[in-house]
Amino acid sequence: MDLITVREIRVPRTRDELVFDEGFQPLGGGTWLYSEEQPGLTGLVDLMAMGWPPLTVTDEGLEIAATCTLAQLLAFDAPPEWTAWPLVDQCVNSLLASFKIWNLATVGGNICTSLPAGAMTALLVGLDGTAQIWGSPDRTVPVIDFVTGDRTNVLEHGEVLRSLHIPLSSLTARTGFRRIALSPLGRTGTLVTARTTPHGLAFGITGGTVRPHTSTDNGDWFTDAHGAADWRQAMSELFVSELTEELA
Amino acid sequence: MRFTVDGTPVEATPRPGQVLRSLLRENDHFAVKKGCDAGDCGACSVIVDGEPVHSCIYPAHRLEGVAVTTAAGLGSVEHPHPVQQAFVDAAGFQCGFCTAGMVVTASTLSPGDDLAVKLKGNLCRCTGYRSIEDAICGVVNTSASSEAGASSKAPAGMRVVTGSEPYTLDLATTSLLHLAVLGSPHSHARIQSISVERALGLEGVHAVLTHLDSPDVLFSTARHELRTDDPDDTRVLDPVLRFQGQRVAAVVADSVAIAELALDLIDVEYEILPAVFDPEQARSAGAPLVHGDKGPESRIDEPQRNVLAQLHGEMGSVAEGLAAADAVVTGTWTTQRVSHVALETHATRGWLDEHGGLVLRTSSQVPYLVRDELAHIFSLDPARMRVFTARVGGGFGGKQEILTEDLVTLAVLKTGRAVQYEFTREDEFTIAPTRHPSRVTVTLGATADGVLTAMQVDELLDTGAYGNHGIGVMFHGVGESLSVYRCANKRVDAESVYTNNLPSGAFRGYGLGQVIFAVESAMDDLARELGIDPFELRRRNVIVPGDPIVVTEADEEHDLLYGSYGLDQCLSLVQEALVPTDGPVGWVTGQGMALAMIASMPPRGHFAETVITVADDGYFDLRVGTAEFGNGTTTVHAQLAATALGVPADRIRILQSDTATGTYDTGAFGSAGVVVAGKAVFAAATALAEKIAASGSLVGLSATGRHDGTPRSIAFNVHGFSVAVNPATGEVRILQSVQAADAGTVMNPEQLRGQIEGGTAQAIGSALYEQLTLDEGRVTTRALRNYHVPQFADVPRTTVLFADTHDDLGPLGAKSMSEAPYNPVAPALANAIRDALGVRPRDLPMSRDRLWRLASS
Numbered sequence: 000m001d002l003i004t005v006r007e008i009r010v011p012r013t014r015d016e017l018v019f020d021e022g023f024q025p026l027g028g029g030t031w032l033y034s035e036e037q038p039g040l041t042g043l044v045d046l047m048a049m050g051w052p053p054l055t056v057t058d059e060g061l062e063i064a065a066t067c068t069l070a071q072l073l074a075f076d077a078p079p080e081w082t083a084w085p086l087v088d089q090c091v092n093s094l095l096a097s098f099k100i101w102n103l104a105t106v107g108g109n110i111c112t113s114l115p116a117g118a119m120t121a122l123l124v125g126l127d128g129t130a131q132i133w134g135s136p137d138r139t140v141p142v143i144d145f146v147t148g149d150r151t152n153v154l155e156h157g158e159v160l161r162s163l164h165i166p167l168s169s170l171t172a173r174t175g176f177r178r179i180a181l182s183p184l185g186r187t188g189t190l191v192t193a194r195t196t197p198h199g200l201a202f203g204i205t206g207g208t209v210r211p212h213t214s215t216d217n218g219d220w221f222t223d224a225h226g227a228a229d230w231r232q233a234m235s236e237l238f239v240s241e242l243t244e245e246l247a
Numbered sequence: 000m001r002f003t004v005d006g007t008p009v010e011a012t013p014r015p016g017q018v019l020r021s022l023l024r025e026n027d028h029f030a031v032k033k034g035c036d037a038g039d040c041g042a043c044s045v046i047v048d049g050e051p052v053h054s055c056i057y058p059a060h061r062l063e064g065v066a067v068t069t070a071a072g073l074g075s076v077e078h079p080h081p082v083q084q085a086f087v088d089a090a091g092f093q094c095g096f097c098t099a100g101m102v103v104t105a106s107t108l109s110p111g112d113d114l115a116v117k118l119k120g121n122l123c124r125c126t127g128y129r130s131i132e133d134a135i136c137g138v139v140n141t142s143a144s145s146e147a148g149a150s151s152k153a154p155a156g157m158r159v160v161t162g163s164e165p166y167t168l169d170l171a172t173t174s175l176l177h178l179a180v181l182g183s184p185h186s187h188a189r190i191q192s193i194s195v196e197r198a199l200g201l202e203g204v205h206a207v208l209t210h211l212d213s214p215d216v217l218f219s220t221a222r223h224e225l226r227t228d229d230p231d232d233t234r235v236l237d238p239v240l241r242f243q244g245q246r247v248a249a250v251v252a253d254s255v256a257i258a259e260l261a262l263d264l265i266d267v268e269y270e271i272l273p274a275v276f277d278p279e280q281a282r283s284a285g286a287p288l289v290h291g292d293k294g295p296e297s298r299i300d301e302p303q304r305n306v307l308a309q310l311h312g313e314m315g316s317v318a319e320g321l322a323a324a325d326a327v328v329t330g331t332w333t334t335q336r337v338s339h340v341a342l343e344t345h346a347t348r349g350w351l352d353e354h355g356g357l358v359l360r361t362s363s364q365v366p367y368l369v370r371d372e373l374a375h376i377f378s379l380d381p382a383r384m385r386v387f388t389a390r391v392g393g394g395f396g397g398k399q400e401i402l403t404e405d406l407v408t409l410a411v412l413k414t415g416r417a418v419q420y421e422f423t424r425e426d427e428f429t430i431a432p433t434r435h436p437s438r439v440t441v442t443l444g445a446t447a448d449g450v451l452t453a454m455q456v457d458e459l460l461d462t463g464a465y466g467n468h469g470i471g472v473m474f475h476g477v478g479e480s481l482s483v484y485r486c487a488n489k490r491v492d493a494e495s496v497y498t499n500n501l502p503s504g505a506f507r508g509y510g511l512g513q514v515i516f517a518v519e520s521a522m523d524d525l526a527r528e529l530g531i532d533p534f535e536l537r538r539r540n541v542i543v544p545g546d547p548i549v550v551t552e553a554d555e556e557h558d559l560l561y562g563s564y565g566l567d568q569c570l571s572l573v574q575e576a577l578v579p580t581d582g583p584v585g586w587v588t589g590q591g592m593a594l595a596m597i598a599s600m601p602p603r604g605h606f607a608e609t610v611i612t613v614a615d616d617g618y619f620d621l622r623v624g625t626a627e628f629g630n631g632t633t634t635v636h637a638q639l640a641a642t643a644l645g646v647p648a649d650r651i652r653i654l655q656s657d658t659a660t661g662t663y664d665t666g667a668f669g670s671a672g673v674v675v676a677g678k679a680v681f682a683a684a685t686a687l688a689e690k691i692a693a694s695g696s697l698v699g700l701s702a703t704g705r706h707d708g709t710p711r712s713i714a715f716n717v718h719g720f721s722v723a724v725n726p727a728t729g730e731v732r733i734l735q736s737v738q739a740a741d742a743g744t745v746m747n748p749e750q751l752r753g754q755i756e757g758g759t760a761q762a763i764g765s766a767l768y769e770q771l772t773l774d775e776g777r778v779t780t781r782a783l784r785n786y787h788v789p790q791f792a793d794v795p796r797t798t799v800l801f802a803d804t805h806d807d808l809g810p811l812g813a814k815s816m817s818e819a820p821y822n823p824v825a826p827a828l829a830n831a832i833r834d835a836l837g838v839r840p841r842d843l844p845m846s847r848d849r850l851w852r853l854a855s856s
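Residue numbers (numbering that gives the first Met the number 0), protein chains in the order written: chain D, 0 to 247; chain G, 0 to 856.
Same shape as in the complex, but just chain D (with noise of 0.2 Å):
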């Protein structure tokens, strides 16, 4: 929908021209903030324009871009001893949106977003992912800590997410995954992966918590249109113990 409160959209190049004012957030694909009023923004810094490269492999694992969009994630050539490579169509399939959203929705707009069902938010905490933001000064956070709650996040004003690092142990891992929503392709109501690690497996839980966790041993259990608490909480347990033993 129209933005009506927007009154400048700053489209810019170069790091030095990511400058926000009051007001101004972070623009990726619009695929969500275009999706809902917005009170209060006056502004919006198109990041699409800065020509990041999507997908970068290095020796430590994968870089992606925040501006990645799902379907150039979902088009990628991955190598095959990337054992943990199905996590991302699972998890790109567990958007509640289409095909024709992933043309222009972003990976970091997803995790920006910070909504519990973020499906980025879960492949990345799945893969022990972390987040590169630019700022002052720059810093790394594991996308397990990035999401702090319902659409709250640790980026400050003028902070930008400037990529996503997965990395090579957890791609080479071998991966599990379950998700059940109130209807067969609805919103997600609980979302469980899980990852072999040298200690053990690892869980990573979205969908039915206000933030992600690793354990089905939290207090943030919610109950919305997509679903109760007591069902997601009981529904997770379920999977973990289906990953286990699938896993095992």
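Simulated from the structure, these hints should not be mistaken for lab results.
Check before you lean on any hint, since a few could be wrong.
Here are some chain D residues pointing at chain G (derived, C-beta under 7 Å) [as the list claims (entries may be wrong)]: (1) LEU2; (2) ARG6; (3) GLU7; (4) TYR33; (5) SER34; (6) PRO183.
Simulated DEER-style distance windows between Cβ atoms [claimed, not checked]: (7) GLY64/G - GLU16/D: 17 to 23 Å; (8) PRO184/G - THR222/D: 23 to 29 Å; (9) ARG12/D - PRO8/G: 24 to 30 Å; (10) PRO295/G - ASN217/D: 57 to 63 Å; (11) ASP144/D - THR3/G: 44 to 50 Å; (12) THR151/D - ASP266/G: 31 to 37 Å; (13) ALA284/G - PRO38/D: 40 to 46 Å; (14) ARG150/D - ASP266/G: 29 to 35 Å; (15) ARG150/D - HIS375/G: 44 to 50 Å; (16) PRO38/D - HIS557/G: 54 to 60 Å; (17) THR172/G - ASP137/D: 50 to 56 Å; (18) ARG150/D - THR3/G: 33 to 39 Å; (19) ASP266/G - GLU16/D: 36 to 42 Å; (20) THR222/D - PRO547/G: 45 to 51 Å.
Idealized CB from N, CA, C, for every residue including glycine.
With chain D's structure known, arrange chain G on it following the hints.
For chain G alone, coordinates are given in the frame of chain D:
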């Protein structure tokens, strides 16, 4: 910036924050629809440089140099894209408002694509998706014949699929003003003071309307043939606010954005009043009164008890009937608030004609009734008013209301300018009336051989802050749901109660679905208790020709007749079709059925006049008053006229739903489009054929047909399900879905199949998924992403079977079949889930979390 739309260069300067959808429509590209404006529904889908996107969330500042393709760019009426041709041939649409976006999306698919996944971003509220799948797979469901009884194509089909059929707002109007509404932040309050000076000072604002501008006339947003059927409890703008979101004031400005920005500049002081949200509390002593200020002229039954309407009636003695019973079952069931989610939101554009007469182009099921009530409210001469609809993008009862027309009238009269008021999707969820939430207690008694000895029903409806349809919905709800059963002892207690929740209104089935859910669930319990097959239990108790059709009063209905009877066939058709099916490992399976009866048209008069004229160009001009909103009546009217005249349907030109044609019609509700207006059409066309035969010439001939909506017949539906349920998660998988319908002689089998599939899909939404929730009067489900209407993935194929009957009353033996298919679905599904789980679900929706809890208990 420059870009192209459908190959044509466009030069535009988008506003900061503007999206592609609104920019396209501002440039008169009306193939792009607004269904949600939030990226959820897909009605605005376009292709940008080869990639399909939702234009309502596509930032317009990125358009430099791109090529945009809309449905109109894919093909035209003369040269359609193959996908567009396929949608016409498959009858892959009903109202067609989603179709342009659906066609755009479909044009980007590849063979082998999983349609459930690929179409999850394209919502259709009418069809149930089977015909859309057929279209994409190249299945042809229509025939070239235009005889009644053939699966003729909808006359507007090719325009719908190419995006060229104009809907309500699909026309250019110069110097149009826009209206935005300030909604009440309180559930119950009185406006102490209101100052509009700051708002008026904003550049581009032309007027601010408050209760001081409103006519002091009480009316009802609900519309019926008799205006006294509904309570006069509403003002255009009222100093007392009775639900959150109720109009406080309206701004008329150069743009929607300016009007909305001006809302923040209206200064209001409220006196907050106590509010009540639970209908049981509302009718209890000491509750805050919602309409305590109203007198007898408002026709509210007991305003001092918040009771809008009540019915307490008994036939025979339920106490004696229960005493004589070998088995007694009892239970309480609840149904939730449901939103219609017609893809086209409510909208009206109004202006003054060259003689100063008021003209309204509106998304309504009842243009004549809207005209007459506006004349009443504003003291206007109906002869100097014109109210008309273009093709309406879905209704389901939600547009049998005045929700936008009155404010537009006030704004046009105040400013003298053309003014538009368009609901947002959030408005649809927060201020448009919903289905009535209900609580129904049923007690049944029967002998050991399964003969009913007593039926008792106690219903409580939450009609919300304004009464509108709350009287009719209550009376109708306890009507055919009970009169379908032959039982000497029946008792009904029903009350429709005001609260400070948003108003409830007319919704497909008009109250029947709520009561049928409870009664048919109780009948299922009774069958279990007695060890009698549920089909057989129905056979032993349903009325058959010769039985009186009564709820509790022997003479309550004077004109309801057995024009035909196919309930026995429907029961057998479904019973024979249902076969036991295995579910996944670890899941439990079950079967269930339910029946529903409905009168073929509304009571107390439904009038239609039609005129058919031989035009100079050799066509036949058929003027009808009723509206097309996806019900397919236009197709059937063309078939009826063509059949009577012995000409192809493409020789019939239909001019409809416009008070300027002068052919009155009560409106498109109560499933009256075929049996009332259609009967009038057939009478007119038959009379014209006789005149042609008598005169041997065509020149200047014309004939009129009328129908007054009485006597009425009865129609039947039986639904059966086979399901699997996962007790560990609450998931339900529908393994088989069968519905048999007794619609008399079927006028258009493909369209009727579509109505039944669409009603089934909408009812599956109500049964499993949809729920509009409120928290202390505030709606919390305010967008489609938080209110789950069925997607392609959610709707199973339903086998549709027709009883072989011929109705003595309907046109060519036809009966109505628009609302009815919805009614048996939820109880049939609940009965199947009960059969599988061994525990009965009593509350809608039967969501996964609830069923999991039920299975775990």
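Hints, verified against the model:
no., hint, result
1, LEU2, "holds (3 Å)"
2, ARG6, "holds (6 Å)"
3, GLU7, "holds (5 Å)"
4, TYR33, "holds (4 Å)"
5, SER34, "holds (4 Å)"
6, PRO183, "holds (5 Å)"
7, GLY64/G - GLU16/D: 17 to 23 Å, "holds (22 Å)"
8, PRO184/G - THR222/D: 23 to 29 Å, "holds (24 Å)"
9, ARG12/D - PRO8/G: 24 to 30 Å, "holds (27 Å)"
10, PRO295/G - ASN217/D: 57 to 63 Å, "holds (59 Å)"
11, ASP144/D - THR3/G: 44 to 50 Å, "holds (46 Å)"
12, THR151/D - ASP266/G: 31 to 37 Å, "holds (32 Å)"
13, ALA284/G - PRO38/D: 40 to 46 Å, "holds (42 Å)"
14, ARG150/D - ASP266/G: 29 to 35 Å, "holds (30 Å)"
15, ARG150/D - HIS375/G: 44 to 50 Å, "holds (47 Å)"
16, PRO38/D - HIS557/G: 54 to 60 Å, "holds (57 Å)"
17, THR172/G - ASP137/D: 50 to 56 Å, "holds (53 Å)"
18, ARG150/D - THR3/G: 33 to 39 Å, "holds (38 Å)"
19, ASP266/G - GLU16/D: 36 to 42 Å, "holds (40 Å)"
20, THR222/D - PRO547/G: 45 to 51 Å, "holds (49 Å)"
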